[in-house]
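Given next are the chains, with one letter for each unit.
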Amino acid sequence: MFMTALFTFLTLAYPAAFAGKYDLKSITPEVNRALKGRQARYAQLQDMKRSGLVGENNKGFTASLKGDPAAETIVAAENRDRRVIYQALVDQNSLGPSGMMDVQRVFAEVQREKAAPGEKIQGPSGSWETK
Amino acid sequence: MIALLIAGCTVKAVGDPDRPITINANVVIDIRGMKETATGIEDMVAQGGTRK
Chain A
1 MFMTALFTFL
11 TLAYPAAFAG
21 KYDLKSITPE
31 VNRALKGRQA
41 RYAQLQDMKR
51 SGLVGENNKG
61 FTASLKGDPA
71 AETIVAAENR
81 DRRVIYQALV
91 DQNSLGPSGM
101 MDVQRVFAEV
111 QREKAAPGEK
121 IQGPSGSWET
131 K
Chain B
1001 MIALLIAGCT
1011 VKAVGDPDRP
1021 ITINANVVID
1031 IRGMKETATG
1041 IEDMVAQGGT
1051 RK
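Residue numbers (the numbering used here), protein chains in the order written: chain A, 1 to 131; chain B, 1001 to 1052.
No lab work stands behind these hints: they were computed from the structure. Treat the hints loosely; a few may be bogus.
Incomplete in silico selection of chain B near chain A, CB under 8 Å [stated by the list, open to error]:
1) 1018
2) 1027
3) 1031
4) 1033
5) 1034
6) 1035
7) 1037
8) 1038
9) 1045
10) 1046
Partner residues aside, some chain A positions facing chain B, computed with beta carbon under 10 Å [to be verified]:
11) 96
12) 106
13) 131
All C-beta atoms, glycine included, are put in the ideal place defined by N, C-alpha and C.
Produce the entire structure from the sequences given, and follow the hints as far as they go.
Structure follows, in structure tokens:
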């Protein structure tokens, strides 16, 4: 009886987690700003990746690799926007306290796959390599 | 059923108010589903960025 009640509670309270489907269910003004901000700096960020100033780390964020001031600024803004998006995914899909780490790991993997040859990426072990 | 318990959340059973039972567990994430979502978001960012 208790187990049935518990199962019902969990299924109702965490449908997204059990359904296996995730999404930005609500584009809040904060999330919208983050997405627009990322789109606005996308081309500049790609240029910095191609020139080796910026890489993709294994936590789903960009990293300034050579201390270039312009790159540092772009990286800080990009990471701030990414964190907003990741947190929205965690919150809106009820992913729990450990959800952020999983979201970051998955986005890092996607970034590694999307990286063009010659760009810097950090592998799961923490070592940096040129794709 | 054990798997579902592990995949749950924090549940407090208060049969005895002086001795509540607390179960702490993590939500299990479907990594493949999350990867599809992540890819979709990154594609959207790239396409929006390319158009500018």
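Structure-based check of all given hints:
Interface hint status for residue 1018(B): violated, as the beta-carbon distance to the closest one in chain A is roughly 19 Å, over 8 Å. Taking 8 Å as the C-beta cut-off, the interface hint given for residue 1027(B) holds, the closest approach to chain A being about 4 Å. The beta carbon of residue 1031(B) is positioned within 8 Å of a beta carbon in chain A (closest approach about 6 Å), and the interface hint is therefore held. The beta carbon of residue 1033(B) is positioned within 8 Å of a beta carbon in chain A (closest approach about 4 Å), and the interface hint is therefore held.
With 8 Å as the threshold, the beta carbon of residue 1034(B) comes within range of chain A, its nearest partner Cβ sitting at about 5 Å, so the hint holds. A distance limit of 8 Å between C-beta atoms decides the matter here; for residue 1035(B) the minimum to chain A is near 5 Å, and the interface restraint holds. Satisfaction of the interface hint for residue 1037(B) is found here, the shortest Cβ-Cβ separation to chain A being roughly 4 Å, below the 8 Å cut-off. Look at residue 1038(B): its Cβ gets to within about 4 Å of chain A, closer than 8 Å, so that hint holds up.
Because the smallest distance between the Cβ of residue 1045(B) and any Cβ of chain A comes to about 5 Å, under 8 Å, the interface hint for this residue holds. The criterion of a C-beta within 8 Å of any C-beta in chain A is met by residue 1046(B), whose closest approach is roughly 6 Å, and the hint holds. With its C-beta approaching chain B no nearer than about 4 Å, residue 96(A) sits inside the 10 Å limit, and its interface hint holds. Evaluation of the residue 106(A) hint against chain B yields a held restraint, the C-beta minimum of about 5 Å falling below 10 Å.
With its C-beta approaching chain B no nearer than about 16 Å, residue 131(A) sits outside the 10 Å limit, and its interface hint is violated.
Violated hints, listed in ascending order, are 1, 13; each of the other numbered hints is respected by the structure.
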